[in-house]
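Participant: With chain A held as given, fit chain B onto it using these hints.
Same order as they appear, the protein sequences are chains A and B. Everything in the first sequence is counted per numbering that gives the first Met the number 0, starting at 0 for the first residue and increasing by one. Everything in the second sequence is counted per numbering that gives the first Met the number 0, starting at 0 for the first residue and increasing by one.
One or more of the hints may lead you astray.
Derived DSSO-like pairs (lysine-lysine); straight-line CA-CA distance at most 30 Å [what the hints assert, rightly or not]:
#1 B:230 - A:238
#2 A:236 - B:83
#3 A:236 - B:230
#4 A:236 - A:167
#5 B:230 - B:214
#6 B:147 - A:86
#7 B:105 - B:133
The calculated label-pair distances, taken between Cβ atoms and stated as ranges, are [as the list claims (entries may be wrong)]:
#8 B:433 - A:54: 47 to 57 Å
#9 A:236 - B:176: 35 to 45 Å
#10 B:299 - A:256: 51 to 61 Å
Quick partial rundown of chain B residues pointing at chain A, CB under 10 Å, derived from the structure [said to hold, decoys possible]:
#11 15
#12 60
#13 62
#14 66
#15 155
#16 208
#17 355
#18 359
#19 374
#20 375
#21 388
#22 394
Quick caveat, the hints were computed from the structure, so don't treat them as lab data. Beta carbons are placed, not taken as given, at the ideal position from N, Cα and C, and that holds for glycine.
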Amino acid sequence: MNEFPLLLISFIIYILVMLSGFASFFGFKAKWSRISYTLAIAGFVVQSAGLLVRTIVSGHAPFTNMYESINFLSWSCVLVIIIFQRKFRLEKAWPYLWLLIVALMALVSSPLLPKNVTPLVPALQSYWLWLHVSVTLLGEAFLAVAFVASILYLAAGRSSAGNSEAQKKQENYDLIAYRAVAAGFPLFTLGALVFGMIWASRAWGRYWSWDPKEVWSLITWLFYALYLHTRLVMGWKGKRSALIAIIGFLAALFTFFGVNYLLSGLHSYV
Amino acid sequence: MIRFLSSLKLTIFLLSLIILLSVIGTLIPQGEDPGFYQTYLPRWSGIILSLQLDHLYRSSLFLSVAFFFLLNILFCSLRQLPVKLKQLRGEIKFIPPGVQSVAVRKLASSFSDWFEASPDSLLAELRQRHYQIKIKKSGEKKTLLAQKERPGLFGPEIVHLAIMIIIVGGLISALFSQRIELALTEGQTADLPGKNFSFRLDRFTIDYYPDGSIKSWKSLVSILEQGQVKKQKIIEVNHPLKYDGLNFFQMSYGFDWDRTKVELEIISGNSAVRQLTLKVGEKVQLDSSLTLSLLNFIPDFTLDPGGRPTSRSAEANNPAVLVLVSREGAPVYQGWLFYYHPESNQIQQQPGSELAISLKKFEAPLFSGLEAASDPGLNLVWLGCALLFLGLLACFYLNYRQMVIGLRPGEKPVFSAHSRHNQTTFYQELERLLEVRPDSAINSDRKNEGKTK
Chain A
0 MNEFPLLLIS FIIYILVMLS GFASFFGFKA KWSRISYTLA IAGFVVQSAG LLVRTIVSGH
60 APFTNMYESI NFLSWSCVLV IIIFQRKFRL EKAWPYLWLL IVALMALVSS PLLPKNVTPL
120 VPALQSYWLW LHVSVTLLGE AFLAVAFVAS ILYLAAGRSS AGNSEAQKKQ ENYDLIAYRA
180 VAAGFPLFTL GALVFGMIWA SRAWGRYWSW DPKEVWSLIT WLFYALYLHT RLVMGWKGKR
240 SALIAIIGFL AALFTFFGVN YLLSGLHSYV
Chain B
0 MIRFLSSLKL TIFLLSLIIL LSVIGTLIPQ GEDPGFYQTY LPRWSGIILS LQLDHLYRSS
60 LFLSVAFFFL LNILFCSLRQ LPVKLKQLRG EIKFIPPGVQ SVAVRKLASS FSDWFEASPD
120 SLLAELRQRH YQIKIKKSGE KKTLLAQKER PGLFGPEIVH LAIMIIIVGG LISALFSQRI
180 ELALTEGQTA DLPGKNFSFR LDRFTIDYYP DGSIKSWKSL VSILEQGQVK KQKIIEVNHP
240 LKYDGLNFFQ MSYGFDWDRT KVELEIISGN SAVRQLTLKV GEKVQLDSSL TLSLLNFIPD
300 FTLDPGGRPT SRSAEANNPA VLVLVSREGA PVYQGWLFYY HPESNQIQQQ PGSELAISLK
360 KFEAPLFSGL EAASDPGLNL VWLGCALLFL GLLACFYLNY RQMVIGLRPG EKPVFSAHSR
420 HNQTTFYQEL ERLLEVRPDS AINSDRKNEG KTK
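So that you can see chain A by itself, here it is in the shape it has in the complex:
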């Protein structure tokens, strides 16, 4: 048994989600939105089944190499997008967020990433693998939503001047970004830093080693601390806030990908 067919099916469904989302811009808005949302739920169910199959087949957590981790990240992003759609109404941000999912899924299903199941090295055999990685990636999924919303904010900036309708939409992007950071930041803190420190202390005997991955997650965390301080205390909003949220997520991406491929360290197994 193999999870890959399920993954491809969910990938195709996600493409349809995105297309129907964009279709709603051109007419039959309510109808297309409903189709898009229903497809999203279906895709999420299929991808969840894929994760379950992978977990059963491999016998370990479904995020121990790049292929598994990006797949789990995209699953988390889908979950977060659905939650946001239900709670806050994403409006025009919806199909653009699915663009991100489609990009992630394209990477997951590409032959660039080896898909074979490899047994776990001793350091990864711990329930902290589940806690540390899943909470971190879930937090990063929220930060990814903030990233897309911030880009949309900046992109909308050119057209919204003097148009109160467009301005309202643009402010909605800013609010989505803030709400996503408000959820993603505590989760990232808990998963990446706190759980990471606890696990490091048990596995390596020290909770902090200034390993490049550790330093880069601290850098990511500091960027979002900057985002919150400038926003809540100095009253920055809009453009400058959006820029910090974008740079913060780029730091998170570098922590995830860049550190593995460019810098060597203790986290070199993923």
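Facilitator: Coordinates of chain B only, in the frame set by chain A:
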């Protein structure tokens, strides 16, 4: 000065500086010899070494930035705390934006009427919605202070306290933690300085997956006090042993090459074949006049830039032994013998050699690399981590709300309603609350309107 130290501008500056320094620290290789930087980064080595960027996270530059960050957080909290405590006692009136708006004026008059006409029903409704209520009466003045989710007011202070605790814990760890590395072969015992117990490795095993990769390394160890086994446990990666303030971790394993046992095959001129087993440092009499000494064993033979033999790694990739053959105490031959490349054995290459010696087997005892660590900063760091997460939850998910109503006969009522997040939603919440107002309070609405005008 204190104003500067507690300012947000300084916070932003320090956060940016810490980010910048941290990035630099991941770009410059850390903890290498000065020579490394002179060789590979000749243009930068001067700056790197003078600013201590070769061990950036322990450099005086980084530590002083961290120190200012600590001061900044401390002063900021000290400035905020009294203000917030006053808010909590209702001594500071919030004047939220839009206080003059019609909607707020309506809220103000409706709630003060309700409080005047039927205080019990107002208090009951507020209590049902989990508001904490305080009523102050001084003379004719009557004040209601209703608050909800009070820890939310202190979210930022909790987070800041947590970060200070983590930084202090980290400093204590950096200054006072002790680490003892132990490399033990089976049966070996290590004494631990300052402790009245010793630590023995009973058994060390490596398990493999079917594909040959390593599944686990396990050390069965005993803690001994005066020769008595006090505790026995299997230590493996992710499963340390805790005993008497020390944590024992499985860190590595390897071969104790200094205790290698080798088997040599010796073919002498008359073609008699002999097998010899000996250890590094041992000497064997070959016949009445010839002796052979085993001087050295190298698991992964290579030559360093100076042409001296050295080991490239601790793996047995190119094992070699150095042997010396002497006749009546005077050296005759000395040379390296290679396990994988017997054609390069130096003994045979020497002219007039009457002996052919080759390395047939080598065996080194396996050692388990363990670490005994005590870290007095650890508990502070965990306390800080727990507070950090709780504080963040309080910041984002507890919405402190406060409503103050002050009444004094013959004067306009004082009213303020404030929430930390989303003021508009709070007004809406209060408007919904007005829907359950008893009729008596609504009726008094009109009466009061007549009175105040």
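Participant: Now, for every hint given, state plainly whether the structure supports it.
Facilitator: Hints and how they fare:
1. The straight-line distance between the Cα atoms of residue 230 of chain B and residue 238 of chain A is roughly 62 Å, outside the 30 Å bound, and the hint therefore fails.
2. The hinted pair formed by residue 236 of chain A and residue 83 of chain B meets the criterion: a straight-line CA distance of about 25 Å does not exceed 30 Å.
3. Proposed proximity of residue 236 of chain A and residue 230 of chain B is contradicted: the alpha carbons are some 60 Å apart, above 30 Å.
4. As the CA atoms of residue 236 of chain A and residue 167 of chain A are separated by approximately 14 Å, the hinted pair is consistent with the 30 Å bound.
5. Only pairs whose Cα atoms come within 30 Å are accepted, and residue 230 of chain B paired with residue 214 of chain B is accepted, the gap being roughly 25 Å.
6. As the CA atoms of residue 147 of chain B and residue 86 of chain A are separated by approximately 23 Å, the hinted pair is consistent with the 30 Å bound.
7. A hinted pair counts as satisfied when its Cα atoms are at most 30 Å apart, and residue 105 of chain B with residue 133 of chain B qualifies at roughly 23 Å.
8. Restraint check, residue 433 of chain B to residue 54 of chain A: a C-beta distance of roughly 52 Å satisfies the suggested window 47 to 57 Å.
9. Between residue 236 of chain A and residue 176 of chain B the beta carbon distance is about 44 Å. The supplied range of 35 to 45 Å therefore holds.
10. Checking the proposed 51 to 61 Å range against residue 299 of chain B and residue 256 of chain A shows it is violated: the Cβ atoms sit about 33 Å from each other.
11. Evaluation of the residue 15 of chain B hint against chain A yields a held restraint, the C-beta minimum of about 7 Å falling below 10 Å.
12. Hint status for residue 60 of chain B relative to chain A: violated, with the closest Cβ pair at about 15 Å, above 10 Å.
13. For the restraint placing residue 62 of chain B at the interface with chain A, the shortest Cβ-Cβ distance is roughly 13 Å, beyond the 10 Å limit, so the hint is violated.
14. The interface hint given for residue 66 of chain B is violated, since its Cβ lies 17 Å from the closest Cβ of chain A, which is over the 10 Å cut-off.
15. Checking residue 155 of chain B against chain A: minimum C-beta separation of about 8 Å stays under 10 Å; hint holds.
16. Because the closest C-beta pair between residue 208 of chain B and chain A is about 4 Å apart, less than 10 Å, the hint holds.
17. A cut of 10 Å between beta carbons decides the hint on residue 355 of chain B: the least distance to chain A is about 44 Å, and the hint is violated.
18. The beta carbon of residue 359 of chain B comes no nearer than 33 Å to any beta carbon in chain A, farther than 10 Å, and the hint placing it at the interface is violated.
19. For residue 374 of chain B, the interface hint holds, since its Cβ comes within 10 Å of a Cβ in chain A; the closest pair sits about 8 Å apart.
20. Hint status for residue 375 of chain B relative to chain A: violated, with the closest Cβ pair at about 13 Å, above 10 Å.
21. Residue-level restraint check for residue 388 of chain B holds (minimum Cβ-Cβ distance to chain A is 5 Å; threshold 10 Å).
22. Here the hint on residue 394 of chain B is kept, as its CB sits about 8 Å from the closest CB of chain A, short of 10 Å.
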